[in-house]
Structures are given as C-alpha cells and as structure tokens.
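Trainee: This is what each chain is made of:
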Amino acid sequence: GESVGLHLPTLSVQEGDNSIINCAYSNSASDYFIWYKQESGKGPQFIIDIRSNMDKRQGQRVTVLLNKTVKHLSLQIAATQPGDSAVYFCAESGGSYIPTFGRGTSLIVHP
Amino acid sequence: EPEVTQTPSHQVTQMGQEVILRCVPISNHLYFYWYRQILGQKVEFLVSFYNNEISEKSEIFDDQFSVERPDGSNFTLKIRSTKLEDSAMYFCASSGGSIPYNEQFFGPGTRLTVL
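Quick note, the sequences are listed as chains A and B, same order.
Sequential numbering from 1 applies to the first sequence in our numbering.
Sequential numbering from 112 applies to the second sequence in our numbering.
There may be inaccurate statements among the hints.
Stated by the list, open to error - Simulated restraints, written as ranges between beta carbons of each label pair:
1. Lys194/B x Asn18/A: 41 to 47 Å
2. Gln45/A x Tyr161/B: 21 to 27 Å
3. Ile149/B x Ser12/A: 21 to 27 Å
4. Asp31/A x Glu170/B: 17 to 23 Å
5. Ile149/B x Asp31/A: 23 to 29 Å
6. Met126/B x Lys71/A: 29 to 35 Å
7. Arg57/A x Arg180/B: 29 to 35 Å
8. Ile149/B x Glu39/A: 14 to 20 Å
9. Lys42/A x Ser184/B: 18 to 24 Å
In short, the hints are calculated from the structure, not lab data.
For glycine and all other residues, C-beta sits at the position ideal for the given N, C-alpha and C.
Could you build the full structure based on these sequences and the hints that come with them?
Mentor: This is the structure:
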C-alpha cells in the first residue's frame, strides 16, 4: 500500500548562486548541532558541526550559523554546484548525546 | 578513504522472521550507531554502542532489537520478529575520538522490506 511520509520543503537555485537552508530546532538544552547531506540512495554525509558556544563556523564553501535565542540554525552554501543537489538536514543533541534529526530540505541546483 | 560498509544492500523478509543487518565500521573508530529512516521520513536514532555495550538507546529500540559486535570488525543489528512497520532503511555509523557523536560516518544503508 501507499505510505504517507513527510513532504520535504524544497529549495531550487541556479548553479553559482548561494544557498541558504534553514532549520528550527526544538530543545533549548541542545548544545551540539550537525548538518548532513543525503544524496539519493546513500547514507547521510557529515558536512559541518557547531557547538552552542559558537554562533558561526565556516568550512569549505559552507557556513553554519547558530542563533540560540530563536533556536535557529542555517547552512549557507557558496557558489552552489549541481553536485550539491541532495536532501540536507540538521541534527541536534544535548547532554544525553542522542541526536534528533530535522525533517530535511531538498536542494535542487539547476545548471 | 576508509568507509563504513553495510550488507546486504536490500533484505526482503516475511513478517515474524528474524533478520540480521551487518556493518563494518571504520577500523579505528570507537563508537558505533544504528539509525533507521522510514521512506520519506526523518532519520531516527536507534542505538549507540561503545566499549562493547549499549551506551544510549531510543524508545524505538525495544526488546525486539539487539546489537552485537561479534568480532573486532563487525557490528550487527538483529530484529527478532520483524513487523511490517520495521520496513525502512537502516544506517550504521561510526565515529572516532573521545567525544560521542562527533562527526559520524554513515554507511550506505540496508533497505529492509517486511512483507
């Protein structure tokens, strides 16, 4: 039978544009946050992480911003490429270290 | 580059049957995890394993589930009596270092279909 799942939010961008993917987390006690990329048919791939004592962290072409006041996390991808097309999701964890994953955002990059 | 591997890639089983999903974590990693992802839904944590014992588990990881590290390289997830709702992608992950959940490396997953 047909299964009912979550309809993912989708972000469509042109190649070369910058992408911003947002995530609202739920637990104010969370102190560690991770962004993952999941390509079709593959497992999640770690992109970047940030701890709650920071509000910004940069990697290669990616930047994560953390706003603890409003419990918001964002992933910025510079000069988006077709290979960046995937589902991106954030995960949060707190003192128990059990990660809670967000619902994911589908990024579509048009050449 | 070292990677986490999982076998089989796809497992089809009848409801009520036992299944064992296998994982080979990255060799020098100390923490091991299982997650599942029901089609179209979030990735859900099942269990973490460190120093030959379970360190954390979620509500999903009930008595039907068990994990084992039978030797120095394999990490297995057993579901004793599968249910239809166990159909999902199951991902194994591992991480190194002294901090749990720091940069986990995921395997490609095993798709479990329960008929």
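Trainee: Hint by hint, which ones does the structure fall short of?
Mentor: 6
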